[in-house]
Amino acid sequence: MPLVRWATRATPVPDLSSAVDLLTNQPDRVGLPAGVVVQWAPGSAPPAGGSGPIAVDRATGNEIRINVASVGQGLLVFNEAYDPGWRARVDGRPVPVHRVNAVVQGVVVPAGDHTVRCVYTPPGLRMGCVWSAGGLLALILGAWATRRLGST
1 MPLVRWATRA TPVPDLSSAV DLLTNQPDRV GLPAGVVVQW APGSAPPAGG
51 SGPIAVDRAT GNEIRINVAS VGQGLLVFNE AYDPGWRARV DGRPVPVHRV
101 NAVVQGVVVP AGDHTVRCVY TPPGLRMGCV WSAGGLLALI LGAWATRRLG
151 ST
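Mapping of the sequence shown onto our numbering: position 19 corresponds to residue 19, and the numbering continues sequentially without gaps.
Hints in this document: simulated from the structure, not taken from any laboratory. Even for Gly, the Cβ is constructed at its ideal location relative to N, Cα and C. It cannot be assumed that every hint is accurate.
[Said to hold, decoys possible] Here are the simulated distance ranges between beta carbons:
(1) Ile140 - Asp91: 40 to 50 Å
(2) Asp83 - Ala138: 46 to 56 Å
(3) Arg93 - Trp144: 29 to 39 Å
(4) Thr121 - Asp21: 25 to 35 Å
(5) Val103 - Ala138: 36 to 46 Å
(6) Asn79 - Gln26: 18 to 28 Å
(7) Pro110 - Leu139: 46 to 56 Å
Produce the entire structure from the sequences given, and follow the hints as far as they go.
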């Protein structure tokens, strides 16, 4: 499987359990490998049928840039593990990242020429940095206080 591809058919499901059930018990209904199962809000259908060239530039281990040209709106599927830390932008505008086939991710891309950028930031990274900075500050203040009290 390529790293990035267009989904030719998208079957919506409300949750992860439904996706796994459909993929394991009725794979012919999905039309794999070109068809996908995507977690999607009830009441609307996910787009599929995007087509056109895809140029992938993996800038770093946590960033993927893709240039696409599609004749119609479509679901671009990334064969990269789904995680809530992934964020996507199409031409600089934030777009939702959808869980596809229970384990990978997808982004809806409108018709035309677009640049898609996906960046991964571990969910606890920011809070970990805050706690680390607080701990370092406490150590510095403790050393300063000890030194100050010891010299009097």
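A quick look at each hint next to the structure:
no.	hint	verdict
1	Ile140 - Asp91: 40 to 50 Å	44 Å, holds
2	Asp83 - Ala138: 46 to 56 Å	32 Å, violated
3	Arg93 - Trp144: 29 to 39 Å	47 Å, violated
4	Thr121 - Asp21: 25 to 35 Å	31 Å, holds
5	Val103 - Ala138: 36 to 46 Å	41 Å, holds
6	Asn79 - Gln26: 18 to 28 Å	22 Å, holds
7	Pro110 - Leu139: 46 to 56 Å	51 Å, holds
Hints 2, 3, counting from the list given before, are not met by this structure.
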